[in-house]
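**Q** Sequence:
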Amino acid sequence: MALAIKSIPTLHGEAAERFLKMAESSEKSPKIDFSKEIEQGRAILRKANL
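Per numbering that gives the first Met the number 0, the very first residue in the sequence shown carries number 0; after that it's consecutive.
It should be emphasised that the hints constitute simulated quantities derived from the structure, not laboratory data. By construction, the Cβ of each residue, glycine as well, lies at the ideal position given by its N, Cα and C atoms. Don't take each hint at face value.
Here are the simulated lysine to any residue pairs, SDA-like style, with alpha carbons at most 25 Å apart [as the list claims (entries may be wrong)]:
id : residue 1 : residue 2
1  : Lys-35    : Ala-47
2  : Lys-30    : Gly-12
3  : Lys-20    : Ile-31
4  : Lys-46    : Asp-32
5  : Lys-27    : Glu-16
6  : Lys-35    : Lys-20
7  : Lys-27    : Gly-40
8  : Lys-30    : Pro-8
9  : Lys-27    : Lys-46
10 : Lys-20    : Pro-8
11 : Lys-5     : Ala-15
12 : Lys-27    : Gly-12
13 : Lys-30    : Ala-47
14 : Lys-5     : Ser-25
Here are the computed distance ranges between Cβ atoms for each label pair [unchecked claim]:
id : residue 1 : residue 2 : range
15 : Leu-10    : Lys-30    : 24 to 32 Å
16 : Pro-8     : Ile-31    : 27 to 35 Å
17 : Lys-46    : Met-0     : 48 to 56 Å
18 : Ser-34    : Ala-14    : 48 to 56 Å
19 : Glu-36    : Lys-5     : 44 to 52 Å
20 : Ser-24    : Leu-44    : 30 to 38 Å
21 : Glu-26    : Ser-6     : 35 to 43 Å
22 : Arg-45    : Leu-10    : 42 to 50 Å
23 : Leu-10    : Gly-40    : 47 to 55 Å
24 : Ile-37    : Pro-8     : 48 to 56 Å
25 : Ala-47    : His-11    : 29 to 37 Å
26 : Ala-47    : Glu-16    : 31 to 39 Å
27 : Lys-46    : Ala-3     : 32 to 40 Å
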């Protein structure tokens, strides 16, 4: 039995402008550094011999 393909919603007007502004501002914001958390995770895996 085939499933119907749902259409992708499209933003128009103010919603589209607001989305673009938010996307541009998040693109310019500094990136988050997760290196500390990654190292902690690796230490846990080493301790568990994985």
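**Q** For every hint, state whether the structure bears it out.
**A** How the hints compare with the structure:
no.	hint	result
1	Lys-35 x Ala-47	holds (19 Å)
2	Lys-30 x Gly-12	violated (30 Å)
3	Lys-20 x Ile-31	holds (20 Å)
4	Lys-46 x Asp-32	holds (24 Å)
5	Lys-27 x Glu-16	holds (17 Å)
6	Lys-35 x Lys-20	violated (31 Å)
7	Lys-27 x Gly-40	violated (29 Å)
8	Lys-30 x Pro-8	violated (29 Å)
9	Lys-27 x Lys-46	violated (38 Å)
10	Lys-20 x Pro-8	holds (19 Å)
11	Lys-5 x Ala-15	holds (20 Å)
12	Lys-27 x Gly-12	holds (23 Å)
13	Lys-30 x Ala-47	violated (31 Å)
14	Lys-5 x Ser-25	violated (29 Å)
15	Leu-10 x Lys-30: 24 to 32 Å	holds (26 Å)
16	Pro-8 x Ile-31: 27 to 35 Å	holds (29 Å)
17	Lys-46 x Met-0: 48 to 56 Å	holds (49 Å)
18	Ser-34 x Ala-14: 48 to 56 Å	violated (36 Å)
19	Glu-36 x Lys-5: 44 to 52 Å	violated (36 Å)
20	Ser-24 x Leu-44: 30 to 38 Å	holds (36 Å)
21	Glu-26 x Ser-6: 35 to 43 Å	violated (27 Å)
22	Arg-45 x Leu-10: 42 to 50 Å	holds (46 Å)
23	Leu-10 x Gly-40: 47 to 55 Å	violated (37 Å)
24	Ile-37 x Pro-8: 48 to 56 Å	violated (35 Å)
25	Ala-47 x His-11: 29 to 37 Å	violated (51 Å)
26	Ala-47 x Glu-16: 31 to 39 Å	violated (49 Å)
27	Lys-46 x Ala-3: 32 to 40 Å	violated (50 Å)
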